[in-house]
Amino acid sequence: MSVPYAKLPGWAEYGLIPLVNLAVAFLISGLVVLIVGESPLEAAYHMVNGAFGRGEYIGFTLYYTTTFIFTGLAVAVAFHCGLFNIGGEGQAYIGGIGVVLACLAFDRTLPWYLVFPIAIVGAAFFGALWAMIPGWLQAKRGSHIVITTIMFNFIAASLMNYLLNRVFKPMGSMSLETRTFDTGGQLPKLDWLMSIFGLSVGSAPFNISFVLALLAAFGVWVLIWRTRLGYEMRTMGHSPAAARYAGIKEAKIIVIAMMISGGLAGMMALNPIMGEQFRMQLDFVQGAGFVGIAVALMGRSHPAGIIPAALLFGMLYQGGAEISFEMPSISRDMIVIIQGLVILFAGALEHMFRPAITRVILGLSPKTRDAAVTKGA
Amino acid sequence: MDVFQVFIELAQSTVRLSTPLILAALAGLFTERAGIFDIGLEGKMLGAAFAAGCVAYISQSVYMGLLAAVLVSVLLSLVHGYASITQRGSQIVSGVAINFVVAGSTVILGEAWFRQGGRTPALSADGRFGTVTLPFADAVRDVPILGPLYSGLLSGHSPLTYLAFLMVPVSWWILYRTRFGLRLRAVGENPGAVDTAGISVIWLRYRGVICCGILCGIAGAYLSLAAGAGFTKGMTAGKGYIALAALIFAKWRPKNILFACLLFGFLDAFAIRYQGYAFPLIGKVPVQLMQALPYILTVILLAGFIGKAIPPKAGGVPYVKER
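Protein chains in written order, with the numbering used here: chain A, 128 to 504; chain B, 1434 to 1756.
Since the hints were derived computationally from the structure, they do not count as laboratory data. Note that the Cβ used here is the ideal one computed from N, Cα and C, for glycine as well. Check before you lean on any hint, since a few could be wrong.
Stated by the list, open to error - With beta-carbon atoms standing in for the labels, derived distance ranges:
| no. | chain 1 | residue 1 | chain 2 | residue 2 | range |
| --- | --- | --- | --- | --- | --- |
| 1 | B | 1753 | A | 414 | 33 to 41 Å |
| 2 | B | 1692 | A | 413 | 31 to 39 Å |
| 3 | B | 1626 | A | 367 | 17 to 25 Å |
| 4 | B | 1753 | A | 138 | 23 to 31 Å |
| 5 | B | 1571 | A | 157 | 52 to 60 Å |
Claimed, not checked - In silico contact screen, one side only, chain A against chain B (beta carbon under 7 Å); selected entries:
| no. | residue |
| --- | --- |
| 6 | 275 |
| 7 | 281 |
| 8 | 294 |
| 9 | 298 |
| 10 | 301 |
| 11 | 311 |
| 12 | 403 |
Claimed, not checked - What the simulated footprint calls covered on chain A by chain B, stretch by stretch (three residues with Cβ under 8 Å from a Cβ of chain B suffice, anywhere in the stretch; the number is not a length):
| no. | stretch |
| --- | --- |
| 13 | 157-167 |
| 14 | 199-206 |
| 15 | 265-271 |
| 16 | 415-429 |
| 17 | 455-466 |
| 18 | 477-489 |
Could you build all of it, start to finish, from the sequences and the hints given here?
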């Protein structure tokens, strides 16, 4: 497939263009704030202050960041294989089963550092299982992965609703949640990490799964760029025909990529369940699976981009909550708009500003222009 | 209760619940047949329902509400079209984006304008679609069998419901019996051939997208002006996705869309009516299973276990003229 655009230097390709796209998304969000009759600058101030103003706020920001790193990585791994996994939401939800089973079984007998690995395996297993079915259906039966994963989100919601109602809910309880875990099912906070910087984490649920998220990001980098499997996945993503010609087993790679993707999404469940609530509640994912799409698009499916993008969305979630205290007419739904606009401008319209930027940059330096002429034409 | 009476009531609510599905699925039919995948049906419907609720309340006119709904939905469709036709971006990503932007902004704007927790103020009778009583409906009510069928099932729906059912043959006629329809289908299968024939692929696809916007707008207006009395937060509640499922379940054919939507509408009506009811032999069917059934059926169909759903060949692929 020929790329209809001239090649840009790296800083423009991976720095400038995403930033311009992001800036436009924020400008339009600012317009919405104006329409509502508030000051966008004041909103921005409250957002940044609410996200970073205090140790506790930072703790919350990083707590959300943890969640979004997992879901962002999940979407990115599938992207590399040319698959669009919209089902992160459902996979994370189902992943919760693995966490809950581990915690309910062992929280009274084992310490957290033994329950945690079991819960990780459980979360990844159930998430991977939920992604495997659409992956298998795509690979073997040719059903479109986007549609099946959407359907699986709804099926997951119904299934979890049923399980919470009939299986996980303690006898006699009215609310749709499991019992609260004992100490074995509670992850320690990273307050020591924050206190190095002289900050107090306060009541923020910033916990050890943040470290796991960073490890997962590193793992994804190794997988995609340093292993044979990752190479085969990228080949599939670039050109399925070339992959077939090279003897790569298409069906196998699709299923494996989806399982890794689902496993990462499933691990997101550790953060809210073991790190914050110490129980599973109805709809604990709260759209994080969808935020993952925005994070992966913004981070260009590279872990080094996904972590800052996840931080940005962590900031939006935490700061957005603070805005709604200060400015009642801006509820947290504002974040959903920003998220949508980021997906629109960083994803679907990513090439909108490219011709103009290319012209400006190539006009500035004759050297890159010559390079572009030889490469692009 | 009388079995026949139960049947009439179930059928009536099936018709009511499948109306927005039919309209939205037909909307999807027009774009997807033109080669533009659209998972933004949900968002467009929601945006339209919101616009209808706002404008119908302010102007106290149901038709202004309907017009606003169609305008907003067409506008959102054009954004989708611009992203996926002109900018050749990912159609899936663009659809996802539209769903989010609308889900957020309807709540924010609704709250800012009306301060009722994200809903628009309740509409009076002038701001809503009433029900149409077909001629002689009252007179024939007591005729056995046919009477209830006519006055209970066929009569007494909103005009938009009749429009939705009418749109099924109309869409079929447009797609299969007009030059525009032939070209629209061709552009979804082989845009290169259409381009070679000297017809603009881009303009055709934009027209497909606009048709989708109009129908989606009517579907949204139905929700807030006919089924409800005003807009409530997130009132589409996944209907756009069910419509998408119905469209696939129907293998992208108008007649099948009618039956798929009626089936999904029936499942919904059945789930509402028989929640917690113990059936002979099977016992209680969990309501969650009933809710998930449309999605499960669609997955099974997509997997090719009930026939094969083959999407338009060029669907999802942006058209690039040869360079």
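Supplied contact hint for residue 281 (chain A), tested at 7 Å Cβ to chain B: holds, 5 Å
Holds or violated: 31 to 39 Å for the Cβ distance of residue 1692 (chain B) and residue 413 (chain A)? holds, 36 Å
Would you check whether residue 294 (chain A) satisfies its interface hint, that is, whether its CB is within less than 7 Å of any CB in chain B? violated, 11 Å
Under a C-beta cut-off of less than 8 Å, do 3 or more residues of the stretch 477-489 of chain A approach chain B closely enough to confirm the stated coverage? Check passed, 3 qualifying residues.
Does the nearest C-beta of chain B fall within a distance shorter than 7 Å of the C-beta of residue 298 (chain A)? violated, 18 Å
Just to make sure I understand the rule, a stretch counts as covered if three or more of its residues have a C-beta closer than 8 Å to a C-beta of the chain. Does the stretch 157-167 of chain A meet that for chain B? holds (count 4)
Holds or violated: the stretch 415-429 of chain A covered by chain B, criterion of 3 or more residues with Cβ-Cβ distance under 8 Å? holds (count 3)
Taking 7 Å as the limit, does the beta-carbon of residue 275 (chain A) come near enough to a beta-carbon in chain B? holds, 6 Å
Given residue 403 (chain A) as an interface hint, is its Cβ closer than 7 Å to any Cβ of chain B? violated, 24 Å
With a C-beta cutoff of 8 Å, work out whether three or more residues of the stretch 455-466 of chain A approach chain B closely enough for the coverage to hold. Holds, because 10 residues of the stretch 455-466 of chain A bring their Cβ atoms closer than 8 Å to Cβ atoms of chain B.
Take the C-beta atom of residue 1753 (chain B) and the C-beta atom of residue 414 (chain A), compute their distance, and say whether it sits inside 33 to 41 Å. holds, 34 Å
Are there three or more residues in the stretch 265-271 of chain A whose C-beta lies within less than 8 Å of some C-beta in chain B? Three-residue rule met by the stretch 265-271 of chain A, so holds; n is 4.
Taken one by one, the earlier hints fail for this structure at numbers 8, 9, 10, 11, 12, 14, listed in ascending order.
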